[in-house]
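Trainee: Taking full-length UniProt numbering, the leading residue of the sequence shown gets 1, the next gets one more, and so forth.
Keep in mind that the hints were calculated from the coordinates and are not lab data.
Among these hints, one or two may not hold up.
Lysine to any residue pairs mimicking SDA-like chemistry, simulated, CA-CA at most 20 Å apart [what the hints assert, rightly or not]: (1) 87 - 77; (2) 38 - 82; (3) 38 - 20; (4) 28 - 54; (5) 28 - 56; (6) 38 - 96; (7) 79 - 89; (8) 87 - 62; (9) 38 - 15; (10) 87 - 65; (11) 38 - 19; (12) 79 - 30; (13) 79 - 97; (14) 71 - 96; (15) 71 - 87; (16) 38 - 86; (17) 30 - 84; (18) 48 - 34.
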Amino acid sequence: RLEWSVIKSSLGRPRRFSKRFIQEERDKLKQYRESVRKHYAELRAGVKEGLPTDLARPLSVGNRVIAIHPKTREICDGKILSVDHNKCNILFDELGVDVVMDIDCMPLNPLEYMPEGLRRQ
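Could you build the full structure based on these sequences and the hints that come with them?
Mentor: Written out as structure tokens, the structure is:
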């Protein structure tokens, strides 16, 4: 009984799945994405060097990616032509060039971009 109360108290108070909860989680996600974008921008500008062990290598010009096409919403292969703060200009193999949000694309080979901390596990 004592063990169970210790476990229960360590979990904290349960939260209701409400609009407020969803909004708070979305705000946290938005904050996290902005901090990562800021770090990547500083890396590209040469202000900072090196990556934290939990952060993936940023996408850069010439990388092959898998992305969701903004008009057709299809998942397609492509190549990055330019990288902006939160957008990438991508040359899709079959659909031409289009601007894609950074959250809608990922490297063709994610293992190459995986953070060092996760790669060791």
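Trainee: Would you mind marking each hint as holding or not holding in the structure?
Mentor: Status of the hints after comparison with the structure:
1. Straight-line distance between C-alpha atoms of residue 87 and residue 77 comes to about 16 Å, which keeps the hinted pair within the 20 Å bound.
2. As the CA atoms of residue 38 and residue 82 are separated by approximately 17 Å, the hinted pair is consistent with the 20 Å bound.
3. A C-alpha spacing of about 27 Å is found between residue 38 and residue 20, which places the hinted pair above 20 Å, so the restraint is violated.
4. The suggested pairing of residue 28 with residue 54 holds, with an alpha-carbon distance near 17 Å, which does not exceed 20 Å.
5. For the proposed pair residue 28 and residue 56, the alpha carbon gap of about 19 Å is at most 20 Å, so the pair holds.
6. The suggested pairing of residue 38 with residue 96 is violated, with an alpha-carbon distance near 29 Å, which exceeds 20 Å.
7. As the CA atoms of residue 79 and residue 89 are separated by approximately 9 Å, the hinted pair is consistent with the 20 Å bound.
8. Simply put, residue 87 and residue 62 have alpha-carbon atoms about 15 Å apart, close enough for the 20 Å limit, and the pair holds.
9. Only pairs whose Cα atoms come within 20 Å are accepted, and residue 38 paired with residue 15 is rejected, the gap being roughly 31 Å.
10. For the proposed pair residue 87 and residue 65, the alpha carbon gap of about 13 Å is at most 20 Å, so the pair holds.
11. Straight-line distance between C-alpha atoms of residue 38 and residue 19 comes to about 28 Å, which puts the hinted pair past the 20 Å bound.
12. With a C-alpha separation of about 26 Å, the suggested pairing of residue 79 with residue 30 is violated against the 20 Å cut-off.
13. Between residue 79 and residue 97 the alpha-carbon distance is near 9 Å, which keeps this suggested pair within the 20 Å criterion.
14. A distance of roughly 12 Å separates the Cα atoms of residue 71 and residue 96; the hinted pair therefore holds under the 20 Å criterion.
15. Distance hint between residue 71 and residue 87 is fulfilled; the C-alpha atoms sit about 15 Å from each other, no more than 20 Å.
16. At most 20 Å may separate the alpha-carbon atoms for a hinted pair to count; residue 38 and residue 86 meet this at roughly 10 Å.
17. In summary, the hint linking residue 30 to residue 84 is supported, as the alpha carbons are separated by about 17 Å, within the 20 Å threshold.
18. For the hint linking residue 48 to residue 34, the alpha-carbon distance of about 16 Å falls within 20 Å, and the restraint holds.
The structure shown violates the earlier hints numbered 3, 6, 9, 11 and 12.
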